[in-house]
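Read top to bottom, the protein sequences are chains E and F.
In terms of my numbering, the first sequence opens at residue 1 and continues consecutively.
In terms of my numbering, the second sequence opens at residue 1 and continues consecutively.
Derived from the structure by calculation, the hints contain no laboratory data.
All of these numbers come straight from a predicted model, not from anything done at the bench.
Each residue gets a CB set at the ideal place from its N, CA and C atoms; glycine is no exception.
Covered, in the sense of this in silico footprint (three residues per stretch, anywhere, with C-beta under 8 Å from a C-beta of chain E), are these stretches of chain F:
| hint | segment |
| --- | --- |
| 1 | 29-35 |
| 2 | 41-48 |
| 3 | 55-65 |
Far from chain E by the CB rule (all over 10 Å, computed), these chain F residues:
| hint | residue |
| --- | --- |
| 4 | Asn16 |
| 5 | His77 |
| 6 | Leu85 |
| 7 | Met94 |
| 8 | Glu95 |
| 9 | Ile103 |
| 10 | Val109 |
| 11 | Glu119 |
| 12 | Met122 |
No farther apart than 25 Å at their CA atoms in a straight line, the calculated lysine-lysine pairs in the DSS-like style are these:
| hint | chain 1 | residue 1 | chain 2 | residue 2 |
| --- | --- | --- | --- | --- |
| 13 | E | Lys602 | F | Lys64 |
| 14 | F | Lys31 | E | Lys147 |
| 15 | E | Lys313 | F | Lys161 |
| 16 | F | Lys64 | E | Lys219 |
| 17 | F | Lys64 | E | Lys313 |
| 18 | F | Lys121 | F | Lys135 |
| 19 | E | Lys442 | E | Lys91 |
| 20 | F | Lys81 | E | Lys464 |
| 21 | E | Lys547 | F | Lys31 |
| 22 | E | Lys307 | F | Lys160 |
| 23 | E | Lys307 | F | Lys161 |
| 24 | E | Lys313 | F | Lys160 |
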Amino acid sequence: MALLQISEPGKGTLPHEHRHAVGIDLGTTNSLIASVISGQATIIQDEDNVKIIPSIVHYKDKELLIGESAKKRQLDDPKNTISSVKRLMGKSLSDVNPKDFVIELEDGNGTIGIKTNVGLKSPVEISAEILRHLRLLAEKRLGHEIKGAVITVPAYFDDAQRQATKDAAKVADINVLRLINEPTAAALAYGLDKKVEGNFVIYDLGGGTFDISILRLDKGLFEVIATHGDSSLGGDDFDQLIEQWIIKDANIPMEDVKIRQRIKEVARKTKESLTTKPKVMIDELEGINKELSKEAFASLSAHLTEKTISCIKLALHDANLTTDQITGVVMVGGSTRMPNIQAAVKNFFGMPLLNNINPDEVVALGAAEQANILAGNTNHDLLLLDVTPLSLGIETMGEIVERIIPRNSTLPVALAQEFTTYQDGQTGMVIHVVQGERDLVKDCRSLGKFTLKGIPPMVAGAAKIRVTFQVDADGLLSVSAKELSTGVESSIEVKPSYGIDDKQIKEMLASSFSSAESDKENRALAEVKVEGKQIITMIQEALNADKALLNKNEIDLIYKSINELTNMLEQEDRNQIEQKITHLNEVTADFAERRMDHSINKALAGKKIDTLEL
Amino acid sequence: MTQNFFDTFNLPVLFNIDIDMLNHQYRTLQKTIHPDRFVNATDAEKKQSLQKSTQINDAYQVLKDPIKRASHIISLHQVLKENTLPPDFLMQQMEWEEEFETINDLEQVQLFSDKIDGEKKMLMDLLAMDLDEKKDWESATNIIGKLKFITNLFLRIQQKKLSMDNS
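Using the sequences and the accompanying hints, generate a full structural model.
Set out below in structure tokens:
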């Protein structure tokens, strides 16, 4: 079945022979990049030996600052200094309350546009600047080009948010090996070296998001069995409570963004101080002199703490587990430093918490481990099986959602649904895909309206269109369609109506601050040549191993295609090389299937030996 | 033709399945063909891996769940029919529904939950006999209909318990 990919048009991930792979924690507040160096996952430090890079970008005329240097400009130029952009990823203007932001937001053709001195910037572009900064930093420190990255996202991110993250990586010129969930990454960091088994709860409270995940670790398999969470609950909300508490009864001009920024800063510092001190005096703001105690803060934020405990209960229910069946509780995210949070979680589970890896670093470290495994640099036979965080559905009559893929389904997952036409000669139809748990379309997140075109004209009800919804290992949706009575599939187009398309990504790449056009073309040509050489090597290896699965005609056909590609590689025509690569992939498709079936049979046949080993 | 999911895992067609063996075979297969194993492969292989891995997840979901597994076994022998529930079971349904509405403390909910769970286990045993020994597809289809209702009721009881716990 030819899949019409909507999630990632023009996909062609570059295979690589040398494997410098990194893990990236692209956080709401801070970002980190890590790599496995000499067998050990290590956070990569910048030139000032700083590991934690604030997720802040500052735009001013020709100047672009990222990280700590951008953070310093937050007070004197808040409108051009963008922080917490992760909260805007994959969202439209109607999803957020612009009043919550110091920066100015605009409608950016379905997505959000952020007004800056250098024009309208999208959250994808801003995230891409942070990612590019991290990539360059790692390349400089490691002395090698980064060939692939695992990027973490909150487990609760929906399809649009995941897609936006992957788009940002593309704009930053990063080859994404896999998107993985932050809590899962944390579990990897804890589980790999310890060889633990059992059910683990990952409590992840970050700057802007809260996730609860339950994982089963068993014989080299990490299986996510349930996730729950709140995509808009995090440390920032605790800051806001302190902020409101400070402002309350004080006479502060709210329209002054600089003062608001300053109060925000004081609130955050107060929260941080309360992790070690019993009380904090707030007197550095004019006209304010107040004291906040640990206990007062705990009761001020009790409803937020309770909200996270309710999420744990729901996740346990979904996993069909009780607290006494839990082997360990892993604490992740800087916000879990708050003593009231630690106490509440410890009390709920009645056991000591796993918190010996720095909660700011644990996600990036786990992502680096996974990147190392995916790049093939290690013999770990560990496999991660993740789940869909939210149900996928389609709109039916009366704006009711029909659920097609339930949440907590193990990835990859697909479901086929048959549709028919209701008018004579109808050649198109629209399928509205939504994500969420509610029954009404308006209460769910709209992922897009996909237009099927090119249905052969027939009488009403005669056409049978099978639409396949596939969610891949990254948790991203693609839709393919086929008309069954005539077998027409290639002419049916599937177009997303939401998010950004391939053309826009290319434009962003072109307008980005780095490298000139000619460099880009040269690099693209070089990359496609490497890809061509590698695919030839891989297919020759496959032929050496499993030639017996093919007949002479088939072998000849493959060699012919290899020769054509080899000849083309000596020329400088990128398009032609790409075409020959595509051709080689096509003529080896059957071979790939037979090899896959062959290894499945081998795996099943080897079961007795396996059982003995266990 | 319905694809035989038991074949996917090289297991005999039985309702009383060896769950450990199913889990083991599932893991072995995913470790072999999951897309994570083909990150550096050709596009043709990636596509294959995605498809096979998806199929194996699908087959596993069906075999893991007793009701889906039972329906699958029947579908291997005959076209699945809509089941009509016998009148006495409809009466029973109404009684249970009434009881579900009236129970209002944790202890009562727990007692009711245990009763329904017992009912479920009994039907499961009957189902196993119908499918694995008597090969009585008609009777099995009826039991599946009852079990669907009971499973749903059991889920609602658990939710009620959870919301009582929370308040």
